[in-house]
Amino acid sequence: MTKTFTGNYFEDFTLGQIIRHATPRTITSGDVSLYSALYGMRFALQSSDEFARSSGLARSPVDDLLTFHIVFGKTVPDISINAVANLGYADCRFLGPVYPGDTLSATSEVIGLKENSNGKTGNVYVRTYGTNQKGEEVLEYVRWVMVNKRDAASPAPETVIPELPSAVTADKLIVPEKLLFQKYDTALSGSEYFWEDYKVGERISHVDGMTIEAADHMLATRLYQNTAKVHFNFHAMKDGRLGERIVYGGHVISLARGLSFNGLGNGQNILAINSGRHVNPCIAGDTVYAWSEVLDKATFKSRSDVAALRCRLVALKDKTPDGFTYMIDDGKYNSSVLLDLDVWLLVPKKA
Amino acid sequence: MTKTFTGNYFEDFTLGQIIRHATPRTITSGDVSLYSALYGMRFALQSSDEFARSSGLARSPVDDLLTFHIVFGKTVPDISINAVANLGYADCRFLGPVYPGDTLSATSEVIGLKENSNGKTGNVYVRTYGTNQKGEEVLEYVRWVMVNKRDAASPAPETVIPELPSAVTADKLIVPEKLLFQKYDTALSGSEYFWEDYKVGERISHVDGMTIEAADHMLATRLYQNTAKVHFNFHAMKDGRLGERIVYGGHVISLARGLSFNGLGNGQNILAINSGRHVNPCIAGDTVYAWSEVLDKATFKSRSDVAALRCRLVALKDKTPDGFTYMIDDGKYNSSVLLDLDVWLLVPKKA
Amino acid sequence: MTKTFTGNYFEDFTLGQIIRHATPRTITSGDVSLYSALYGMRFALQSSDEFARSSGLARSPVDDLLTFHIVFGKTVPDISINAVANLGYADCRFLGPVYPGDTLSATSEVIGLKENSNGKTGNVYVRTYGTNQKGEEVLEYVRWVMVNKRDAASPAPETVIPELPSAVTADKLIVPEKLLFQKYDTALSGSEYFWEDYKVGERISHVDGMTIEAADHMLATRLYQNTAKVHFNFHAMKDGRLGERIVYGGHVISLARGLSFNGLGNGQNILAINSGRHVNPCIAGDTVYAWSEVLDKATFKSRSDVAALRCRLVALKDKTPDGFTYMIDDGKYNSSVLLDLDVWLLVPKKA
Numbered sequence: 001m002t003k004t005f006t007g008n009y010f011e012d013f014t015l016g017q018i019i020r021h022a023t024p025r026t027i028t029s030g031d032v033s034l035y036s037a038l039y040g041m042r043f044a045l046q047s048s049d050e051f052a053r054s055s056g057l058a059r060s061p062v063d064d065l066l067t068f069h070i071v072f073g074k075t076v077p078d079i080s081i082n083a084v085a086n087l088g089y090a091d092c093r094f095l096g097p098v099y100p101g102d103t104l105s106a107t108s109e110v111i112g113l114k115e116n117s118n119g120k121t122g123n124v125y126v127r128t129y130g131t132n133q134k135g136e137e138v139l140e141y142v143r144w145v146m147v148n149k150r151d152a153a154s155p156a157p158e159t160v161i162p163e164l165p166s167a168v169t170a171d172k173l174i175v176p177e178k179l180l181f182q183k184y185d186t187a188l189s190g191s192e193y194f195w196e197d198y199k200v201g202e203r204i205s206h207v208d209g210m211t212i213e214a215a216d217h218m219l220a221t222r223l224y225q226n227t228a229k230v231h232f233n234f235h236a237m238k239d240g241r242l243g244e245r246i247v248y249g250g251h252v253i254s255l256a257r258g259l260s261f262n263g264l265g266n267g268q269n270i271l272a273i274n275s276g277r278h279v280n281p282c283i284a285g286d287t288v289y290a291w292s293e294v295l296d297k298a299t300f301k302s303r304s305d306v307a308a309l310r311c312r313l314v315a316l317k318d319k320t321p322d323g324f325t326y327m328i329d330d331g332k333y334n335s336s337v338l339l340d341l342d343v344w345l346l347v348p349k350k351a
Numbered sequence: 001m002t003k004t005f006t007g008n009y010f011e012d013f014t015l016g017q018i019i020r021h022a023t024p025r026t027i028t029s030g031d032v033s034l035y036s037a038l039y040g041m042r043f044a045l046q047s048s049d050e051f052a053r054s055s056g057l058a059r060s061p062v063d064d065l066l067t068f069h070i071v072f073g074k075t076v077p078d079i080s081i082n083a084v085a086n087l088g089y090a091d092c093r094f095l096g097p098v099y100p101g102d103t104l105s106a107t108s109e110v111i112g113l114k115e116n117s118n119g120k121t122g123n124v125y126v127r128t129y130g131t132n133q134k135g136e137e138v139l140e141y142v143r144w145v146m147v148n149k150r151d152a153a154s155p156a157p158e159t160v161i162p163e164l165p166s167a168v169t170a171d172k173l174i175v176p177e178k179l180l181f182q183k184y185d186t187a188l189s190g191s192e193y194f195w196e197d198y199k200v201g202e203r204i205s206h207v208d209g210m211t212i213e214a215a216d217h218m219l220a221t222r223l224y225q226n227t228a229k230v231h232f233n234f235h236a237m238k239d240g241r242l243g244e245r246i247v248y249g250g251h252v253i254s255l256a257r258g259l260s261f262n263g264l265g266n267g268q269n270i271l272a273i274n275s276g277r278h279v280n281p282c283i284a285g286d287t288v289y290a291w292s293e294v295l296d297k298a299t300f301k302s303r304s305d306v307a308a309l310r311c312r313l314v315a316l317k318d319k320t321p322d323g324f325t326y327m328i329d330d331g332k333y334n335s336s337v338l339l340d341l342d343v344w345l346l347v348p349k350k351a
Numbered sequence: 001m002t003k004t005f006t007g008n009y010f011e012d013f014t015l016g017q018i019i020r021h022a023t024p025r026t027i028t029s030g031d032v033s034l035y036s037a038l039y040g041m042r043f044a045l046q047s048s049d050e051f052a053r054s055s056g057l058a059r060s061p062v063d064d065l066l067t068f069h070i071v072f073g074k075t076v077p078d079i080s081i082n083a084v085a086n087l088g089y090a091d092c093r094f095l096g097p098v099y100p101g102d103t104l105s106a107t108s109e110v111i112g113l114k115e116n117s118n119g120k121t122g123n124v125y126v127r128t129y130g131t132n133q134k135g136e137e138v139l140e141y142v143r144w145v146m147v148n149k150r151d152a153a154s155p156a157p158e159t160v161i162p163e164l165p166s167a168v169t170a171d172k173l174i175v176p177e178k179l180l181f182q183k184y185d186t187a188l189s190g191s192e193y194f195w196e197d198y199k200v201g202e203r204i205s206h207v208d209g210m211t212i213e214a215a216d217h218m219l220a221t222r223l224y225q226n227t228a229k230v231h232f233n234f235h236a237m238k239d240g241r242l243g244e245r246i247v248y249g250g251h252v253i254s255l256a257r258g259l260s261f262n263g264l265g266n267g268q269n270i271l272a273i274n275s276g277r278h279v280n281p282c283i284a285g286d287t288v289y290a291w292s293e294v295l296d297k298a299t300f301k302s303r304s305d306v307a308a309l310r311c312r313l314v315a316l317k318d319k320t321p322d323g324f325t326y327m328i329d330d331g332k333y334n335s336s337v338l339l340d341l342d343v344w345l346l347v348p349k350k351a
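So the protein lines, in turn, are chains U, A and F.
Going by this note's numbering, 242 is the number at position 242 of the first sequence; the sequence numbering is gapless.
Going by this note's numbering, 339 is the number at position 339 of the second sequence; the sequence numbering is gapless.
Going by this note's numbering, 195 is the number at position 195 of the third sequence; the sequence numbering is gapless.
Rather than coming from a laboratory, the hints here were simulated on the basis of the structure.
For every residue, glycine included, the Cβ atom is placed at its ideal position computed from N, Cα and C.
Hints may contain errors.
[Claimed, not checked] Covered by chain A, per the in silico footprint, the following chain U stretches (three or more residues, Cβ under 8 Å): (1) 47-55; (2) 188-197.
[As the list claims (entries may be wrong)] When the alpha-carbon atoms are kept at most 27 Å apart in a straight line, the in silico DSSO-like pairs for lysine-lysine are as follows: (3) U:K178 with U:K134; (4) F:K3 with A:K350; (5) U:K134 with F:K178; (6) A:K3 with U:K350; (7) U:K3 with U:K178; (8) U:K238 with F:K172; (9) F:K134 with U:K3; (10) A:K238 with U:K319; (11) A:K183 with U:K199; (12) F:K172 with F:K199; (13) A:K178 with F:K199; (14) A:K149 with A:K120; (15) A:K183 with F:K319; (16) F:K3 with F:K199; (17) A:K238 with F:K238; (18) A:K183 with F:K134; (19) U:K3 with F:K199; (20) U:K238 with U:K149; (21) F:K349 with U:K3; (22) F:K319 with F:K199; (23) F:K3 with A:K199; (24) F:K183 with F:K350; (25) F:K238 with A:K319.
[Unchecked claim] Only part of the chain F face toward chain U is listed, based on derived beta-carbon distances under 7 Å: (26) S33; (27) R42; (28) D49.
So that you can see chain U by itself, here it is in the shape it has in the complex (with noise of 0.2 Å):
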């Protein structure tokens, strides 16, 4: 028999099964800076230490998204090697910060289970867990993907489609305790907008284009040990509907918050997704933008320095942002729309 790992097929979860993820990881300074480099981060607390140190932490915390990358990558090759499509993600919360020198290991649950009508497929739902090496719990999300039968022959589970929240409600956020942005000093931020001058409804775009080189998209993924076979393999995938490798959606995710910075460069920090879509294949070459709309306002009783402020953060395709191209009449996402991803950012008050 095969040594082979192939991956699990639907058939293979049931519900409550809980799955430690291999290659537990330990970020570095270096993982920073190759995020850095492959995303041009300009978020002040994330780029010094001493800026942190002047926010009440030790040192700069790891980017959100980085976890988040290295995280799902664990969960890979266990949950999603054999997925048709990665259908959504909900429930995702950022616990705690996470330091270069910390190790990361994941663990999902299957929270939910639904074969389709066509007997090939099913859509399973995990309940991911990142944590330190304290055992923290530093992240966690719900995913849910549409997965392969081994066999359409066997016999479908019971259907158990689990209640999840449309966005995540302020009283769930958490923000890091040792975090003050009292003193916050706004030319270093790079931005002298704080939480009251956001209003809801509010459209900002994000003016700058990133263009996707193939070499940076593998770069990232394989950093976050993502083994999803389309992102790397051109001879496989040339003859296929794209002619190209397809660009992990978490990669377009970076992008768009990369260039968040111009218009939101105080939000430093991701305090959760509250859901997230891959509208569009994105491949290299192609050329992303991203515009931002305030959808809803938070404060936290405890604390007067710093709120919340929950986006939706648009990515587009080889398309200016200045026009904020999202749907179209019928409820349709117009064609160059790459990602559609709400979020509740972390942004100072005002002294």
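Chain U is already provided as a structure; the job is to place chains A and F on it using the hints.
Just chains A and F now, with coordinates in the frame of chain U:
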């Protein structure tokens, strides 16, 4: 009103204005690794902590040009995002070693302004200071750029053109105090030539060529948090004159410096950039070659172990350097010339 | 006279000659991150400081092949810059773990010389030693290359061909002393197969393919400070036989090793490279696949927790590995074969 920062236009600059640039940046060994991978640097002092220790330092300092690029990158959003042309550098001095773990900040002072006769653009001269977390200056340079006016009808400012040295005089060069090259191992450094071995007028072909990939120069430029859109956006640049993104000029400088190891392997530090000109634009696919000419030599009263070599470092595009291609008869540059840089190097003397 | 080093020609080598190679190199966690991003390595021991600690080490050691590439890179300017062909490797042993922070130096001894019958080239055999900053040997290997003569009229040296083992014998393998796999967590390692589960003659398809981009292999090869011009200079190579830069052979080795995780995920360390041949050249755009065959098994008298597996690791180009493509009837390699490597791996035994 939009929260997107569109950068300063000519009329936004005033003489004596001080600009604190955003995003202080902690340099890490991850940045150093990427820098190595981008340029193939082989200078022993920056490659080996042990070589650095045997030279009196606590560990390997960061490559001088990495410091330059990081500081330069910070100034782009404020100084040159609306620049039409990067006109020149002068009086650039490296003032002390930078180590992984140091956090660099940048500040610029407007030292000159001159509206151009067309009334649509103006030249802005800034002196930029790079400082570490202790407030020590590590780098200082003057740059001038041609910047668009927001409104051609704006009144012209008083013309002030700063007096700039054609080269840093040797007495202004700062040799790192603790750096001692008394016990200098030429087998480890990779070059047997000391300061005494170089003659003014001598020219050195650096032989090798390095082809630039789009992913390379974009990774580099994002690492430096340089946001100039011409480097990243193929969608916007594809219909322009070059049909491609322009390579950040500093990328060409570092490539030329890396190639210069073969022939100038003991030029361990750059003490000053006397002047620099990006003669022709560079795009992905170009192969960079380099040659040097010794322009001057200088000794330091207080030091017998090291001295300085002033060199012209010329980068060529798709042309081998054995012909020392430079200017053509009428004083114009040959079309193969990418870069004309004038630097002071620190070189060990014979024991 | 030019100060550019043009490398050694066949007549520059003498039997017994010792060459100290330039540019000692401190390996950092930045190098490790880049290595991960280049090859997508997922072996737990090198990925997680915690996994390494639970295996008796102070932290994650550096990937064995990263050590190899760094040491190899140093030898290129002296040994193979004028090489016509890289003929083979033998007797390569990894002698102790390398950690981030260690500084590696390389020394080679000329152990064989043989002028070829055409009088224009000769074969040079060197034994290369990699040592850390404490003077401890961490790596040793023999390589032989065909090098051009500077002058065909130079007299031939006495022919000396060293006796080389066809494989490192098991008693010469060095198991890192402190590394203990008594408490081995297969969920974290990503493979449930122990040493006992592998049978001599068993073949394993590593399934996945990885396409090489020009930026990838050049970043890698520059990181290793390998200066062989065929890897970097498109301007010089575009009119050659391949019309492209040649990928450094070690890049293919690391890609194949990375792919081998799926099927050999518990082969945490490479103890030896018995022999290696770069069968066909590789260029950007090629997709690399790999398969392995178990050639031999060995136990260690003093160790009950680990044992060794001798494997052939074959890399293919644009050909899926399920057919185990190798040699064709007349003893020649199939044209899809890139690499034929013979290694000893360290694998945990069942408790």
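Inset, instruction - Starting from the hint list further up, note which numbers the structure goes against and sort them upward. - result: Hints 7, 8, 9, 11, 13, 15 and 16 not satisfied by this model.
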